[in-house]
Structures are given as C-alpha cells and as structure tokens.
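*Asks:* Build the complex from these two chains, which are given one at a time in their own frames, with help from the hints.
Protein chains in written order, with my numbering: chain A, 1 to 203; chain B, 204 to 420.
In case anyone wonders, no lab produced these hints; they're calculated from the structure. Worth double-checking, as some hints may not be accurate.
Stretches of chain B that chain A covers, calculated by requiring three or more beta carbons in the stretch to come under 8 Å of a beta carbon on chain A [claimed, not checked]: (1) 223-235; (2) 241-252.
Only pairs whose alpha carbons sit at most 25 Å apart, straight line, appear in this in silico SDA-like list of lysine to any residue [what the hints assert, rightly or not]: (3) A/K194 to B/L245; (4) A/K152 to B/L406; (5) A/K193 to B/D270; (6) A/K82 to B/A393; (7) A/K193 to B/T239; (8) A/K193 to B/E247; (9) A/K152 to B/A250; (10) A/K82 to B/E217; (11) A/K152 to B/D214; (12) A/K193 to B/R242; (13) A/K152 to B/L207; (14) A/K194 to B/L228; (15) B/K223 to B/T208; (16) A/K193 to B/L228; (17) B/K223 to B/E210; (18) A/K193 to B/A393; (19) A/K194 to B/D270; (20) B/K223 to A/V178; (21) A/K193 to B/A221; (22) A/K193 to B/A273; (23) A/K152 to B/A229; (24) A/K82 to B/A232; (25) A/K193 to B/L245; (26) B/K223 to A/G179; (27) A/K194 to B/A393; (28) A/K82 to B/A297; (29) A/K152 to A/S91; (30) A/K152 to B/R269; (31) A/K194 to A/A180; (32) A/K82 to B/D270; (33) A/K152 to B/K223; (34) B/K223 to A/A183; (35) A/K82 to B/E275; (36) A/K152 to B/E275; (37) A/K193 to B/E275; (38) A/K152 to A/K193; (39) A/K193 to B/R269; (40) A/K193 to B/V307.
What you are looking at is a predicted structure, and each value in this text was computed from that prediction instead of being measured. C-beta: ideal position from N, C-alpha, C; glycine also.
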Amino acid sequence: MAATLVWALPMPAVKAGEVTLEQLDEQQLVAACLAGRPGAFDVVVDRHRRSVYQLCYRFVGNHEDASDLSQDVFLRAYRGLKSFRGGSSLSTWLYRIGVNVCLNRVAVKRPVTEAIDARPHVDTQHESQVDRVLREERGVQVRAAIAQLPPKQRATLVLRMYQDLSHEEIAQVLGSSVGAVKANFFHALGNLKKILGTEGDLA
Amino acid sequence: MAHLTPERLIDIAEGVVAEKDAPHLASCAQCAQQLTDLRAMLAEIGADDVPEPSPLALNQLSARVRDAVAEESVRRRSWRERLSQPWILVPSFAGALAVALLAVLLLPRQAPAPAAPVPSTSIVQTTTMPVAGDRASLPAPEPSLPPLGVASDPQLGLVADVGTTLDWDEMRDEIALDVPGTSSDAVVGALTADEQRELQRLLADEMAQPGVPENRS
Chain A
1 MAATLVWALP MPAVKAGEVT LEQLDEQQLV AACLAGRPGA FDVVVDRHRR
51 SVYQLCYRFV GNHEDASDLS QDVFLRAYRG LKSFRGGSSL STWLYRIGVN
101 VCLNRVAVKR PVTEAIDARP HVDTQHESQV DRVLREERGV QVRAAIAQLP
151 PKQRATLVLR MYQDLSHEEI AQVLGSSVGA VKANFFHALG NLKKILGTEG
201 DLA
Chain B
204 MAHLTPERLI DIAEGVVAEK DAPHLASCAQ CAQQLTDLRA MLAEIGADDV
254 PEPSPLALNQ LSARVRDAVA EESVRRRSWR ERLSQPWILV PSFAGALAVA
304 LLAVLLLPRQ APAPAAPVPS TSIVQTTTMP VAGDRASLPA PEPSLPPLGV
354 ASDPQLGLVA DVGTTLDWDE MRDEIALDVP GTSSDAVVGA LTADEQRELQ
404 RLLADEMAQP GVPENRS
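If we strip away everything but chain B, and leave its shape as in the complex, we get (with noise of 0.2 Å):
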C-alpha cells in the first residue's frame, strides 16, 4: 500500500485537494496522522501574527535607502567623471611602470640562490671558530638591501593609495569591459574619439619632453 507524498498530503492539508479524493486516507492510520499533525502545525504557525512595522519604520527605511543610493550614485558619478578624463590614466600608468620597474630591478637580487649540495666536511668548518688571522677567508657579507616598503618609497605610496580606491568591479561596469577581452586595447577602446584624441595629444607631448628617447623607426 503507497503511502500519501508529501506534495500530495500539504495539498490536502491546505485545502487544494479535498480529502474524499483521497480515499487512501481512510485506510491509512500513519497518513491520517500525518495530516492531523501538519494541520495542527499550520493553525499554530498561522496564529503567529507577522508584526506590523509602524509607517515611521517604514519612512525611516525609505530614506535611508534613498541616502545609501544617492551615495552609491556619487561614488559612481566620481568614478566616470575621473574615468572620463585621460590624464587620469597617467599616474596609473606610470605607477605601474614604477612598480614593474622595481620588480624587475630588485626581485633578481631577493630570489635565493639554488641550494646546492652541502658536503659534509663544511659543517665542521662552519662550526669552528675563525681565528683572528683568518678574517680575510671568511666570506663578504651580503649587501643589505634597502627596505621595500610604502613608507620608503612615494612612488609606492601612490599606487597603495591608487590600489585602495580602485574597485575592480566599478572599473569593469564603467569602462565596459569584458573579462575575457581585458586589455589596455579594450580601455583605449573603450574611450570616445575625443578621449582618444586627448589621449594621443597627452602621449605625444610627453614623448616630445627633453629626455625621452624618440623611437625612429
């Protein structure tokens, strides 16, 4: 004999199928059970008003969310307007330059050397005490390097800064970027002609600057 599922049973309980159109019921002490109980659990559920938040809740609600929205459409508002101006991509950029710069310059010197193999023998020589005449055939100290840090270097204190308040996600929505198609092409590509134009006007007066090597090709 098949037991009343589940569906069927809270369709009998909340009055959408009428019990004579289960006669399974009937014979079914365990189902009948079962149908008592979850009618009893929906009355004592159901006598558990839901509270009514008073109209000042309610307004109080409507304007901070009015507030949080209008924060949200000035924190956006700033990020196009900076986005809008092609000259704010040049400290990005050149933070970027500095730090890939820095990366190539000192992470040759931080790697560790390859561990090569320690024959016995030198374990006992680190072990003994260099006398005073020996000093010349101990091995040079290794230049210490100079802290890496915000604090010790400005350049890196402006991308620190530039990385905090940079969102990715925003920067996504603004630019319309797509994630696959990430690349500087697709934010070039992204700016208006004239944005473009300003771009290629900024690039150029720097390229001109004393210094800066002209690439003929």
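Next up, chain A with everything else stripped away, as it sits in the complex (with noise of 0.2 Å):
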C-alpha cells in the first residue's frame, strides 16, 4: 500500500554498499516496487517498454497508438502488481496484460496501420530500391492480413513470430494448452495464406 506513495519521488542516492535498483533481478525488483523503493516502477518500465512497445504495435500498426496502449499496459501492471504471484515471469504478465489491452482496443476500434515503416535496422545496401519498395508493400499486405485473424490466433501469431516466445510461454500468456497454442498457429497460417492468397488473386 506505501508502495504507491512512493514511486513518483525522485530517487535518493545510493549509498555505500547498497544494491542499486539495476543490479536487482526480478523477483528482488518486484519485491522492490511492493516495498515502495523509489524508482523501482521506473527499472521495471526500462527493461520492458521495448517488448511492451513492440507487441502493441503489431496490434495496432501504428506509434501513436503503440505508445497510447503501452502506457495503458504499463499503468495496469503499475495497479495490479500486488495481485503479481512470480508464478510465470515478469515479462510473460506484462505480456498477458499486453494482449489483453490489445485486443479489448482493437476490438473496440480498427487502428489506422501506417503505410510504410521506418525501419532503420534493414540493411538497404544491398537492396535495390524496387525491391525495398515490393518487400515493404508485401510487409503492409502481412500485417492488413494478420489483422484479419481471429483474436486468439492473431495473439499467438504475433506472440511467436514477432516477440520470439516459446509455445510454453504462450500459453501461460493465453492461459491455454501447448497444444492449443500450436493448433492456433496452425491455423493462423492457414488462414494467413487463404487471406493473403485472395488478396493476390483479386490484385
């Protein structure tokens, strides 16, 4: 409960002798953030906000919107950390709560996805410039076809393909079976090539 009054004060300095908030790992910095240490909020937002951001915008295809539901994921998790058992890690949690802001907002409302990326990592050297433009149009007509997707499948899509989780860490996600997991990518690809294959025939 004191762990709320805390958070936003600024950080004291270190003393002598005294774990910074960085050296913690997980459970130490849950245990932290319950604790009410200042700043320990902050760690937890550092480590994950790349993995948070980047799941979002699978979502919704967009960096406003990316940015407005990681905020939402992060306030959450900010509210429900008492409720935060350490039976699955941290980053699966943030994940599960991730999804579940994702598909209550797209759900809700069909975000506008961005045409082009910026994508500054892609080596473009040895890429000719007809074919940076065809791979990045066969990008947007992915990602316009995954939209597509049933939610649970469109989830665990994103989830193995986009955020590099294991089966098992999907269905601790998803709150399913391994098996299900693989069944709904299964499925998830077959439906992929059925939309994208009608998209190729009707262009």
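*Replies:* If you want it as structure tokens, here you go:
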C-alpha cells in the first residue's frame, strides 16, 4: 500500500554498499516495488518497454496507438502489481496484460495502419530500390492480413513470430495449453495463406 | 491412414521434429503440401521485421508512464489522506442520511395509486364536459410536488458532488474492505485506534449539541 506513495518521488542517492535497482533480479525488483522503493517501477518500465511497445505495435500498426497502449499496459501493471504472484516471469505477465489491452482496443476501434514503417535496422545497402518497395508493400499486406485473423490466432502469431515467445510461454500468456497454442498457430498460418492468396488473386 | 496433427506439423515446420521422424510425409501428398505451405508462410512473415522504436520514442514512453504513475499516486494519496481523517465521513454520512430521509418522505407521495378497475360508465362521465355549476363535483387537483433535483436542493448537490468523486474500487482498496463483509462496522473496524477515538469524540460532541435528543436507555 505504501508503495504507491513513493514511486513518484525522486530517487535518493545510493548509499555505499547498497544494491542499485538495476542490479536487482526480477523477483527482487518486484519486491522492491511492493516495498515502495523509489524508482523501482521505473526500472521495470525501462526493462520491458521495448518488448511491450513492439507487441502493441503489432496489434495496432501505428506508433501513436502503440505508445498509448503501452502506457496503458504499464499503468495496469502498476495497479495490479500486488496481484503478481511470481508464478510466471514478469515479462510473461506483462505480455498477458498487453494482449488483453490490445485485443480490447482492436475490438473497439480498428486502428489506422501506417503504410510503410521506418526500419533503420534493415540493411538496405544490398537491396535495390525496387526490391525494397516490393518488400515493404508485401509487409503491409501481411500485416493487414494478420489484422483480419481471429483474436486468439492473431495473438498467438504475433507472440510467436514477432516476440519470439516459445509455445509454452504463449500458453502461459493466453492461459491455454501448449497443444491449443500450436493448433491456433497452425490455423493462423493457414488462414493467413488464404487471406493473402485471395488478395493476390484480386490484385 | 491418419494424417499428421496440426501440432506435429508445426513442430516439423519449425524444425523441432525432423522430417525423417515423420515417415508419413513421404507417403501423404496432402500432409507434405501442408508442411510446404506452413514453411512458406513462416518465411513470409519472418521477412517482415518488427519495427524498432527509436530511443527517443522509448524515452517518451517512460516519461509518460512515470507521469501517469505519479498522477495515480497523488490521486490515491489524496483519498488515503481524506479517509484517514474521520471528520471527512461526517458530511458523507450526513448526505446519505439526507437522501434516505428524502426517499422516505417523498417516495410514498410519488408512488402511483393502485389501479382500480374502472367501470364502463366512468368513460361516459369523464368524456362529458362539466357545466358551470358542477365545479364542486370535480375532483380536487393533486398538489404539485416540488421538482426533485440537484438544482433544487443544496443537500442533494453535496451528495452528487461526493458521488462523482467517489470511486468504489479505490475506496475498497484504501480501507481494505472485503466485499462480502461490507458494512459500517467494517468501515469503523478499519480505522486505527486513534481514528476510532477521534470519531467517538466527534459523535459525542454532535450528540451533546442542543436540539439533539439524548438517548436514555
């Protein structure tokens, strides 16, 4: 309870011999948050913000909504940290919140997908201009097709393909069995092929 | 001939299980085709990279979360401080009491009279225009009730203000109420000994004021 009072306060200087928040492992960090150690939740955010942001981006397809949803995910995590039992990793727990937040959002509002993303890490030096445009156009088609999948298939595919979660981890996030995750993944890929094939035929 | 299950095909497509460990593939064109399609889709999706957010965007996200968390903390602290002072409960109780009193006083007057069976002759009577000398026989008009609304009653306004700022979930968290056992006893029980003494003192002061009937038992 007292933890909620002090997270917003500035971090005091670390005393000699005291372990810094960055040095804490996951369980210790959660304990520090619950104990009200200043700045502890900031470290949680810093550690997981990239993966949470990318998860949200995969659901909504644009940076503005992804940023809003990521903030929502962390705020819900902050509110519910008391209920985190440590049965799964913190990242799995955050993914679970993230998937719920994202599925709720896309059920209410179909997000505007950005046409072409800025991807500075893609090596384009050995790629011709035409190839790059074709690849990006195909990427847009794939993302649009993923957006048409049923919620569980979509979540499974995003977590597996873009977040690199194992089938076991996905089962924890979605609260289902490994077999169900694999079956969902199988059907997601099959449906994706149908959607892309149909769009290819129409084009 | 049993085909490969979706789970098995996924394992083979992802390389978890070797093809040679599934001899069925060599003799089943349908399963072999499914495996080929799966691999093609995995390659296609894998080529679509996850966009890397810029460090600036991530720092902005951290700042936004920090602000939102700080705002949440202030909001919770505000409630905690208000609830830690027993006198804050007095206007709430007074408001609730006022609403209950109003309900008791007004509801019976607003409740419709039980519908009595209307004889067929009354239709003829009501459709007949009264003449000048018959005014005394007309039923007296119902006294009009004052409009019930926030604007007409400052006490209700107070209750409405309190109601709009109350968040039951937060209240429950702050005073550690369990839903099944929710009662005024539980609320009072959640107060510290000092707070209970202060509440007792306030109530005693209220009771000691002139005009408050003393309860002699």
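*Asks:* Give a verdict on every hint.
*Replies:* Do the hints match the structure? See the list:
For the segment 223-235 of chain B, the stated coverage by chain A is not satisfied: 0 residues place a CB nearer than 8 Å to a CB of that chain, which falls below the threshold of 3. Requiring three or more residues with a Cβ within less than 8 Å of a Cβ of chain A, the coverage given for the segment 241-252 of chain B holds, as 10 such residues are present. Pair hint A/K194 plus B/L245 holds up; C-alpha atoms about 14 Å apart against a cutoff of 25 Å. For the hint pairing A/K152 with B/L406, the CA-to-CA distance comes to about 57 Å; that exceeds 25 Å, so the pair is violated.
For the hint linking A/K193 to B/D270, the alpha-carbon distance of about 43 Å lies beyond 25 Å, and the restraint is violated. Among the hinted pairs, A/K82 with B/A393 is consistent with the structure: their alpha-carbon atoms are about 20 Å apart, no more than 25 Å. Distance hint between A/K193 and B/T239 is fulfilled; the C-alpha atoms sit about 12 Å from each other, no more than 25 Å. Restraint check: the Cα-Cα separation between A/K193 and B/E247 comes to about 10 Å, which is no more than 25 Å; the hinted pair holds.
A threshold of 25 Å between alpha carbons decides the hint, and for A/K152 with B/A250 the separation of about 22 Å falls inside it, so the pair holds. The suggested pairing of A/K82 with B/E217 is violated, with an alpha-carbon distance near 38 Å, which exceeds 25 Å. As the CA atoms of A/K152 and B/D214 are separated by approximately 19 Å, the hinted pair is consistent with the 25 Å bound. Between the alpha carbons of A/K193 and B/R242 the distance comes to roughly 11 Å, so the proposed pair stays at or under 25 Å and holds.
Distance check on the hinted pair: A/K152 and B/L207 sit about 23 Å apart at the alpha-carbon level, within 25 Å; holds. Distance check on the hinted pair: A/K194 and B/L228 sit about 23 Å apart at the alpha-carbon level, within 25 Å; holds. About 16 Å separates the Cα atoms of B/K223 and B/T208, which keeps this hinted pair within 25 Å; it holds. As the CA atoms of A/K193 and B/L228 are separated by approximately 21 Å, the hinted pair is consistent with the 25 Å bound.
At roughly 16 Å between alpha-carbon atoms, B/K223 and B/E210 fall within 25 Å of each other, so this suggested pair holds. Our distance criterion of 25 Å between C-alpha atoms is broken by A/K193 and B/A393, whose separation comes to about 59 Å. Straight-line distance between C-alpha atoms of A/K194 and B/D270 comes to about 44 Å, which puts the hinted pair past the 25 Å bound. Between B/K223 and A/V178, the direct Cα distance comes to roughly 23 Å. Compliance with the 25 Å bound is thereby established for this hinted pair.
About 24 Å separates the Cα atoms of A/K193 and B/A221, which keeps this hinted pair within 25 Å; it holds. Taking the CA atoms of A/K193 and B/A273, the gap is about 46 Å. The hint is violated against a cut of 25 Å. Restraint check for A/K152 and B/A229: the C-alpha separation of about 32 Å exceeds 25 Å, so the hint is violated. For the hint linking A/K82 to B/A232, the alpha-carbon distance of about 53 Å lies beyond 25 Å, and the restraint is violated.
For the hint linking A/K193 to B/L245, the alpha-carbon distance of about 10 Å falls within 25 Å, and the restraint holds. Among the hinted pairs, B/K223 with A/G179 is consistent with the structure: their alpha-carbon atoms are about 22 Å apart, no more than 25 Å. Only pairs whose Cα atoms come within 25 Å are accepted, and A/K194 paired with B/A393 is rejected, the gap being roughly 60 Å. For a cut-off of 25 Å, the pair hint linking A/K82 to B/A297 is broken: about 34 Å separates their Cα positions.
For a cut-off of 25 Å, the pair hint linking A/K152 to A/S91 stands: about 19 Å separates their Cα positions. Among the hinted pairs, A/K152 with B/R269 is inconsistent with the structure: their alpha-carbon atoms are about 31 Å apart, more than 25 Å. Note on A/K194 and A/A180: the hinted pairing holds, with a Cα-Cα distance of about 21 Å set against a maximum of 25 Å. Restraint check for A/K82 and B/D270: the C-alpha separation of about 20 Å stays at or below 25 Å, so the hint holds.
Between the alpha carbons of A/K152 and B/K223 the distance comes to roughly 31 Å, so the proposed pair goes past 25 Å and is violated. With a C-alpha separation of about 22 Å, the suggested pairing of B/K223 with A/A183 holds against the 25 Å cut-off. The straight-line distance between the Cα atoms of A/K82 and B/E275 is roughly 15 Å, inside the 25 Å bound, and the hint therefore holds. Restraint check for A/K152 and B/E275: the C-alpha separation of about 32 Å exceeds 25 Å, so the hint is violated.
For the proposed pair A/K193 and B/E275, the alpha carbon gap of about 45 Å is over 25 Å, so the pair is violated. Distance restraint check for A/K152 and A/K193: the Cα-Cα separation of roughly 17 Å lies within the 25 Å cut-off, and the hinted pair is therefore satisfied. Between A/K193 and B/R269 the alpha-carbon distance is near 42 Å, which puts this suggested pair outside the 25 Å criterion. Distance restraint check for A/K193 and B/V307: the Cα-Cα separation of roughly 67 Å exceeds the 25 Å cut-off, and the hinted pair is therefore not satisfied.
When held up to the earlier numbered hints, the structure conflicts with 1, 4, 5, 10, 18, 19, 22, 23, 24, 27, 28, 30, 33, 36, 37, 39 and 40 and fits the remainder.
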